[in-house]
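So the chains spell out like this:
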Amino acid sequence: MSILINGLAVALPDDPRVSLLDLLRQGLHLSGTKKGCNQGACGACTVLVDGERIVSCLALAVQYDGRQVTTIEGLADGDALHPLQQAFIDHDGFQCGYCTPGQICSAIGMAAEAKRGVPSHVSADLTADVTLTREELQERMSGNLCRCGAHNGIIDAIRETLKSEIDTAEMAA
Amino acid sequence: MTPFTYARAEDAADALRLGQASAAAYLGGGTNLVDLIRETVAKPSALIDVTGLSSEIEETEGGGLMIGAAVRNTALAEHLAVRTRYPVLSRAILAGASAQIRNMATVGGNLLQRTRCTYFYDTDGSRCNKRAPGSGCDAIEGFTRGHAILGASSACVATHPSDMCVALAALDAIVHLHGRGGARTLPFTELHRLPGDHPEFDTVLEPGELVTAIELPPMNFAANSTYRKVRDRASYAFALVSIAAALEIEGGVVKDVRIALGGVAHKPWRASKAEAVLRGGPATEQAFRAAAVAEMADAQPLRDNGFKIELTKRTLVAVLGDLSGAAA
Numbered sequence: 001m002s003i004l005i006n007g008l009a010v011a012l013p014d015d016p017r018v019s020l021l022d023l024l025r026q027g028l029h030l031s032g033t034k035k036g037c038n039q040g041a042c043g044a045c046t047v048l049v050d051g052e053r054i055v056s057c058l059a060l061a062v063q064y065d066g067r068q069v070t071t072i073e074g075l076a077d078g079d080a081l082h083p084l085q086q087a088f089i090d091h092d093g094f095q096c097g098y099c100t101p102g103q104i105c106s107a108i109g110m111a112a113e114a115k116r117g118v119p120s121h122v123s124a125d126l127t128a129d130v131t132l133t134r135e136e137l138q139e140r141m142s143g144n145l146c147r148c149g150a151h152n153g154i155i156d157a158i159r160e161t162l163k164s165e166i167d168t169a170e171m172a173a
Numbered sequence: 174m175t176p177f178t179y180a181r182a183e184d185a186a187d188a189l190r191l192g193q194a195s196a197a198a199y200l201g202g203g204t205n206l207v208d209l210i211r212e213t214v215a216k217p218s219a220l221i222d223v224t225g226l227s228s229e230i231e232e233t234e235g236g237g238l239m240i241g242a243a244v245r246n247t248a249l250a251e252h253l254a255v256r257t258r259y260p261v262l263s264r265a266i267l268a269g270a271s272a273q274i275r276n277m278a279t280v281g282g283n284l285l286q287r288t289r290c291t292y293f294y295d296t297d298g299s300r301c302n303k304r305a306p307g308s309g310c311d312a313i314e315g316f317t318r319g320h321a322i323l324g325a326s327s328a329c330v331a332t333h334p335s336d337m338c339v340a341l342a343a344l345d346a347i348v349h350l351h352g353r354g355g356a357r358t359l360p361f362t363e364l365h366r367l368p369g370d371h372p373e374f375d376t377v378l379e380p381g382e383l384v385t386a387i388e389l390p391p392m393n394f395a396a397n398s399t400y401r402k403v404r405d406r407a408s409y410a411f412a413l414v415s416i417a418a419a420l421e422i423e424g425g426v427v428k429d430v431r432i433a434l435g436g437v438a439h440k441p442w443r444a445s446k447a448e449a450v451l452r453g454g455p456a457t458e459q460a461f462r463a464a465a466v467a468e469m470a471d472a473q474p475l476r477d478n479g480f481k482i483e484l485t486k487r488t489l490v491a492v493l494g495d496l497s498g499a500a501a
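Protein chains in written order, with this note's numbering: chain A, 1 to 173; chain B, 174 to 501.
Read the hints as simulated data drawn from the structure, not as lab findings. Where a beta carbon is used, it is the ideal one built from N, C-alpha and C, also for glycine. Honestly, I wouldn't trust all of these hints.
Chain B stretches covered by chain A per the calculated footprint, using a threshold of three residues with CB under 8 Å from any CB of chain A [claimed, not checked]: (1) 193-206; (2) 219-225; (3) 251-260; (4) 263-271.
Let's have the full structure, built from the sequences with the hints guiding it.
Now the structure itself:
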C-alpha cells in the first residue's frame, strides 16, 4: 500500500481524509505543489499521476495506491532545469510564482494529451491532428489561474518548449 | 471534514454490499464529493471507491456504445467512436470543468454531481431545502442569475450543473443500474427529478443503488450534432444556458431532431416541445424560432435570470442554423 512519488515509495496515510496535496506538503514536505483554493478551481496543486495531470487537492491520497506521482520537484535533472522551467524564466512566465509549479506540471500533461490527439473545446474538427495554436493553449491551460497576469508569458514559454516536439509529432504522423 | 472509512469495491456486487452501511457514499474521481465533504454539505460515514469498476467503452450488438460508469470524462470525450458518431457528447464534456478535473471525474460521478447553487454550499449562512429538507430556500429571493427558469418549485430553484448530461439527454441514453433488487435500466431523461416538494432528491435512485453503465443507442444522424455553451467567461465556468442538439434534414424538411437544454432546470431538460414543432416541418430559421418559443412558453423568470429565456431561444436558433448548414 504505497504511492511512488518522484520515484520514491511512500506509505499511504492512515486517515482517508488526507488529500494527495496535504500528503505531499505536510507529510513529505514537498512544498513545491501549492495549495490555492483547495476546491479544484485554481490549478495551483496540479501534479502528474502516471503522466496525467490532476488537481491534487480533490484527490484523496488513499485512492492513488500503486500510482506514480510526479511533482515539480521531480522534473529537474539534478541542477539542470526541465526545459519548461527554463522557458518560464526566459519568458517571464511568472511574477509571484505561486501558480508556477501547477502551470508547469499542467503544461506537461497537456502536451501529452495533445500528442495523442485529444481535442479541446475550441477545436473546430474533433478528429483532426492537434495543432497547439495560441487559442488552443489558452483553452487547454484554462484550469490554471495566474492572478499576477503572467498568462501571456506562460503561453509563450509553453509554445517555445513544445514547438519542436509538436513539429516532430506532426512530421511523424 | 467529518471522519469516514474508505473501502475499494472489487465489483458491483462488492460495492452494493459495502454500500449498505448507513450514510455510505460511492466515490468516483472525487471532484465534487470531496469538495462537498470538505464544505460539510455531505457527511458520509463510509466512502466506497467504485473507480475499479468497469472503465470500458464497448460496441453494443445494436450498433450503439456501452460506457462503463468508471470511464473518465477525458477518455469518453477522446474516444474515436464518440468523436465521430456522437460529437455532441465529446463537445459537451470538453466544454465542462478543466482538463485536470476531466482526467479525474468519472461518468457515473458526473451524473450524480450536486448543484453548484451557492446557497446549497453556504452551510453557515443560508437556508436550503436541498441540503436541509424543510429549512427553506434563500436562493428564491436572493441572487438568481444562475438559477432555473423551467420546472422549478417554491422549494428549490437550483440547476443541474453537468454539461455531459445535457448531451446524454439529447442522445436517448439509457442508464444501467445495480441495486438491492437486482439490475435495471432507466431512460436517462427519467434519472434526474424536478425538485417539487423534495429537492433533497436529485435522482430517482434507490438507497444504495449504483450506476454501472451508460448505453448510447444507435442514432445515425447524431453524427450531425453539437453542443453550445454560453457562460460568463470563455472557459472553465458553468453554463448560463447550453444546448445539445442533433439534426437530420432531408429535402429541406426536418426528418428527425433531438434537443436538450442545460443551465435552465433542476435536471438536464429534454426539449420535447421544440422537437415536436420541428419534426416534419421546414428547416428554416422561422421554424427554429417557433420551436424555441414553444419550448420556452412555460419559462418562469426569477429576479436576475429573465435574460436566460431569450438567450436560450437565440442560442437554440443559432445551433439549429449551424446544424442545418452542416447537414445541407
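Hint by hint, here is what the structure shows:
For the segment 193-206 of chain B, the proposed coverage by chain A is satisfied: 4 residues have a C-beta within less than 8 Å of a C-beta in that chain, meeting the threshold of three. Only residues whose C-beta sits within less than 8 Å of a C-beta in chain A count toward coverage, and the segment 219-225 of chain B has 3 of them, enough to reach three; the restraint holds. Residues of the segment 251-260 of chain B lying with their CB closer than 8 Å to a CB of chain A number 5, which satisfies the three-residue condition for coverage. Given as covered by chain A, the segment 263-271 of chain B passes the check, having 6 residues with a CB less than 8 Å from a CB of that chain where 3 are the minimum.
Checked against the numbered hints listed earlier, the structure breaks none of them; every hint is satisfied.
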